[in-house]
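Going down the list, the sequences are from chains R and C. The opening residue of the first sequence carries number 104 in this note's numbering; numbering runs sequentially from there. The opening residue of the second sequence carries number 104 in this note's numbering; numbering runs sequentially from there.
A couple of the hints might just be wrong.
Repeated chains share a single entry, so a pair holds when one copy, or any two copies, can fit it.
Okay, derived cross-link-like pairs now, SDA-like style, lysine to any residue, Cα gap no bigger than 25 Å in a straight line [to be verified]:
#1 Lys685 x Phe616
#2 Lys612 x Ala450
#3 Lys371 x Ala267
#4 Lys237 x Lys633
#5 Lys475 x Asn140
If you're looking for bench data, these hints aren't it; they were derived computationally from the structure. Being a predicted model, the structure only gives us computed values, none of them experimental.
2 protein chains.
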Amino acid sequence: MAESMQGLHRSHRCTEVNNTMIGNTVTVMGWVQKSRNKGGIIFVDLRDRSGILQVIFEEANCGAESFAKAEKLRSEFVVAITGEVAKRGGAVNENLATGDIEVIAKDIRILAEADTPPFPIEENSKTKEDLRLKYRYLDLRRPDLQKNIMMRSKVTTLVRSFMADEGFIEIETPTLCKSTPEGARDYLVPSRIHPGEFYALPQSPQIYKQLLMCSGYDRYFQIARCYRDEDLRADRQPEFTQIDMELSFVDVDDVIDVNERLLAKLFKEVIGVDVQLPIQRMTYKEAMERFGSDKPDLRFGMELCDVTDVVKDCEFVVFKNAIEAGGSVRGINAEGQGAMPRKKIDALVDFAKGYGAKGLAYIAIHEDGTMKSSFAKFMKDEEMQALVAKMNGKPGDLLLFAADKSKLVYDVLGALRLEIANQLGLLKKDEYRFVWITEFPLLEWSEELGRYQAMHHPFTMPMEEDLQYIESDPGRVRAKAYDIVLNGTEIGGGSVRIHQDDIQEMMFKALGFTMERAYDQFGFLLNAFKYGVPPHAGLAYGLDRLVMLMAQEDSIRDVIAFPKVKDASCLMSEAPNTVDAKQLEELGISIVKPEAETEE
Amino acid sequence: MAESMQGLHRSHRCTEVNNTMIGNTVTVMGWVQKSRNKGGIIFVDLRDRSGILQVIFEEANCGAESFAKAEKLRSEFVVAITGEVAKRGGAVNENLATGDIEVIAKDIRILAEADTPPFPIEENSKTKEDLRLKYRYLDLRRPDLQKNIMMRSKVTTLVRSFMADEGFIEIETPTLCKSTPEGARDYLVPSRIHPGEFYALPQSPQIYKQLLMCSGYDRYFQIARCYRDEDLRADRQPEFTQIDMELSFVDVDDVIDVNERLLAKLFKEVIGVDVQLPIQRMTYKEAMERFGSDKPDLRFGMELCDVTDVVKDCEFVVFKNAIEAGGSVRGINAEGQGAMPRKKIDALVDFAKGYGAKGLAYIAIHEDGTMKSSFAKFMKDEEMQALVAKMNGKPGDLLLFAADKSKLVYDVLGALRLEIANQLGLLKKDEYRFVWITEFPLLEWSEELGRYQAMHHPFTMPMEEDLQYIESDPGRVRAKAYDIVLNGTEIGGGSVRIHQDDIQEMMFKALGFTMERAYDQFGFLLNAFKYGVPPHAGLAYGLDRLVMLMAQEDSIRDVIAFPKVKDASCLMSEAPNTVDAKQLEELGISIVKPEAETEE
């Protein structure tokens with residue numbers, strides 16, 4: 104039987120009670136973390152979002168009725184307790200903020216009883232995630248998850264106040280939008296009033312924020328919900344949140360400046376980390392050549408080394424063929440790993456194959472200077488020496504090589520580099536290494552489409568100095584695009600947008616779009632551009648990923664209150680679910696029967 | 104041809120340039136509001152979001168090339184101008200913040216040309232709204248709309264900082280939810296991964312915020328997008344925004360307290376209005392009896408007066424029948440309107456009929472004390488005298504009466520009161536009268552369902568003292584629910600929630616729900632309640648309406664960047680639209696052909 108709290112007022116949260124208040128009467132409310140009767144004294148750990156406070160019940164102090172209630176307490180009961188703050192009788196608990204005090208209960212009300220939870224409410228839960236997600240409302244009681252959710256709130260609060268101070272206007276953009284067939288898959292919403300027509304949930308507020316620049320809002324921001332109906336990879340959510348911004352009358356440096364100050368403020372105020380400004384910048388080309396990735400993890404070295412020139416005349420066919428086909432041979436030096444057992448090296452080879460490599464060549468340099476290598480027999484001695492020298496190989500090192508088209512070599516060695524670093528424990532979560540990646544290619548060739556496609560989107564501004572190549576050599580044109588990368592994760596990205604109609608036309612031409620098709624897809628934006636569009640640029644962060652890294656978590660599910668699982672369902676609410684026939688009838692849609700599906 | 108702004112930096116927004124900067128060189132960027140050549144001097148009004156600045160071009164100062172460019176300028180061209188700040192040569196323009204200065208241009212770049220807009224970009228536009236909505240990106244350039252959008256941003260910024268200071272945690276709740284068949288109509292989102300199943304867009308975060316209280320977050324808030332697929336009334340949007348909050352371990356007064364301070368802060372800081380605290384409270388019963396409405400407009404009097412007792416023995420059948428049927432007779436005194444022409448009175452009668460009245464009885468008291476009345480012939484003299492006295496009728500007043508079931512009488516006179524006040528210009532937009540309406544009925548009888556239904560929702564707490572009637576006389580039970588009303592508009596509302604399982608069961612019983620059905624609909628919330636639920640209460644504001652009143656606008660479309668029109672379509676983007684067959688195929692749905700529709 105639940106009691107009412109009528110007439111009662113909470114005076115403090117649990118950890119607001121402290122040793123300056125000894126002798127005071129307080130009223131605290133929360134959940135019973137644990138309760139035990141030790142020789143006629145009942146010890147209750149009371150928990151609220153602030154932490155834990157110890158309360159003790161002695162019949163002499165609280166009377167028979169309250170004592171009887173206290174005897175009934177079990178984990179997760181919700182109680183209101185009034186009592187006197189006292190110095191802790193027993194040993195001080197150094198792990199608690201309130202470890203040197205306790206509350207001598209005078210009165211208790213049981214506000215709600217509780218069934219035994221299906222798993223213990225405790226930090227670093229070992230309970231299977233699926234069970235915790237089914238009972239997410241209980242999982243969310245765990246202090247580590249509460250810490251994350253509160254950190255997320257602190258991040259958004261700080262972002263908003265910073266943006267307001269910088270003259271950004273928060274503007275809400277629609278989420279019932281027009282569907283465009285290109286790009287990632289839209290979530291659709293059938294219209295009841297217009298049968299046969301659909302809204303699309305936005306993949307980002309991109310077009311709206313550019314319109315707002317046309318409308319003269321100058322600096323826009325929004326923490327916006329976005330949607331992508333993708334086949335879910337490891338750590339994607341069907342709905343996710345962006346910190347989204349756009350600025351008028353700016354160039355790359357202005358966007359980078361405001362964002363560096365934002366990041367420095369966030370990391371300092373939320374987790375006490377100093378971000379060294381300015382943040383290092385690296386071109387896309389340099390990132391690929393040095394780290395095999397456009398989101399390099401700079402917490403460790405193990406950089407890629409181009410050995411094409413050194414091995415170009417050797418007899419090893421794997422190297423030779425790759426080079427002759429226009430590819431390259433590159434390696435990484437896993438320093439100190441020269442004694443890695445064959446089995447582990449084989450696992451690395453398999454790992455590389457998973458990224459499309461045909462194999463992985465290696466040289467293990469023993470401490471005595473002798474070498475074991477998968478391809479030494481094809482190499483002259485001086486070739487081997489030159490190769491090892493180029494790789495800066497020392498006794499005890501393990502050199503790993505991939506030979507193929509350069510793009511594949513980058514992918515393989517970029518991934519391998521991370522894998523080895525992970526095995527060696529080099530990926531420290533409390534070390535934060537930022538880098539801006541700039542000068543992305545404007546276009547990338549799509550084998551599937553048989554044409555170039557925009558690496559970011561069709562409104563990304565080419566670099567002025569590369570404009571001359573946009574017809575003759577489109578792949579050579581670099582974009583005024585930039586990503587901000589943290590510890591090997593892209594946490595945000597953006598670009599300067601095209602505001603000149605002639606450049607926009609060139610861009611569509613390079614994409615193989617007729618202007619008719621361009622209008623069909625982006626009509627209202629292109630129309631808006633006719634009436635005076637300012638130079639503008641923007642950036643968007645993935646909030647979930649940003650907070651995940653700040654909270655040192657491995658999954659964005661740990662920083663989202665009610666996440667979905669890989670198949671885009673919610674284990675707690677059981678969404679999506681079937682609906683009434685009447686609802687579908689009103690929408691003028693019907694479900695295609697499974698028979699029809701199997702015909703595909 | 105658009106020029107690049109490369110190498111240029113804006114030094115100031117237009118109205119940041121002021122008379123302390125005379126002689127300084129500034130670079131300003133914006134849109135040409137107007138441009139005119141007066142005797143070889145070109146005057147340009149440059150506009151950005153801050154306002155307008157006058158720039159003048161003289162060939163002697165800016166050179167031939169810039170002058171030639173300036174000659175080409177037309178409205179809405181986007182330009183960057185560098186020049187020297189000077190005291191204004193001509194007459195000071197008192198209407199402009201920068202009216203006493205001008206910029207003597209040295210250099211200009213045309214960043215973008217502009218077609219002639221389809222309507223002038225000016226305050227208080229007389230252009231038809233539909234055309235403005237089609238070109239919303241141009242409409243949004245108008246200073247009055249910019250003021251509204253910026254005010255909205257200021258409101259949300261202040262709300263967020265206030266809530267953070269008060270210990271509220273911002274938590275994002277899902278928007279791909281489970282559909283429940285009851286309540287307003289859901290927008291549905293077909294699931295591709297689970298064919299035949301659907302998500303629903305949330306009508307509010309109600310269930311999630313109650314779950315967060317179960318999870319111990321103590322104080323939650325969110326500025327949340329909500330969705331209702333309703334037949335659109337005058338001023339509804341398919342998606343709208345709520346300021347949503349929930350608090351644990353509180354009762355009515357705690358919620359009211361924090362919200363009064365929030366409102367006072369908002370009105371003071373955004374529009375300089377002092378809100379007198381505490382805000383007046385009025386029970387639902389009193390509001391209905393005095394104003395015929397649970398959202399009374401307190402900017403004027405004209406209160407309802409119950410004259411049932413006075414006329415209960417008269418011979419006027421309209422009054423008599425209404426009273427005999429258990430109804431009442433009530434009137435309002437439109438003071439000073441005794442000389443209203445018959446035609447206008449007839450219009451009021453028609454207005455009343457629109458609200459379901461069978462008619463409207465009236466007494467016009469002439470200045471000489473004589474009376475003209477639609478029903479005097481049925482009344483004895485002393486009955487008329489008593490009636491006029493009860494109504495506090497004075498020479499020159501117009502008394503209007505409705506007789507029917509009390510609910511209908513309230514509706515009619517409540518609406519009539521507003522209509523007359525509107526005609527008399529009593530609804531001053533710069534006067535802000537707040538009132539809390541409390542003690543709402545818990546349940547209301549639904550003729551359609553043949554049972555009681557929850558006036559707010561099934562989790563609303565009954566008042567302790569009325570619990571005894573929940574079985575015997577459910578209609579008598581009042582709820583711990585409260586609305587905040589401003590100038591006759593409900594801007595927010597909420598309630599204390601039930602946290603006791605026994606009361607929740609009584610509530611479902613009163614609603615005619617079996618517990619099985621209750622679990623079917625609210626299963627995961629009711630399950631959560633088993634594991635220790637704290638007492639909690641909350642409130643949500645309609646942000647659009649709140650900002651509309653603060654901005655003194657008549658429509659929420661004037662405070663939403665990209666609103667939809669009555670048929671839930673967007674005139675700018677043309678959403679909703681048809682989609683590719685492939686998209687529907689992937690979702691496993693098909694459109695029901697019009698032929699099938701006509702069979703209904």
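A quick look at each hint next to the structure:
| no. | hint | verdict |
| --- | --- | --- |
| 1 | Lys685 x Phe616 | between (42 Å within a copy, 21 Å between copies) |
| 2 | Lys612 x Ala450 | neither (46 Å within a copy, 64 Å between copies) |
| 3 | Lys371 x Ala267 | both (19 Å within a copy, 18 Å between copies) |
| 4 | Lys237 x Lys633 | between (52 Å within a copy, 15 Å between copies) |
| 5 | Lys475 x Asn140 | neither (67 Å within a copy, 84 Å between copies) |
In summary, the structure is inconsistent with hints 2 and 5 from the numbered list given earlier, while agreeing with the others.
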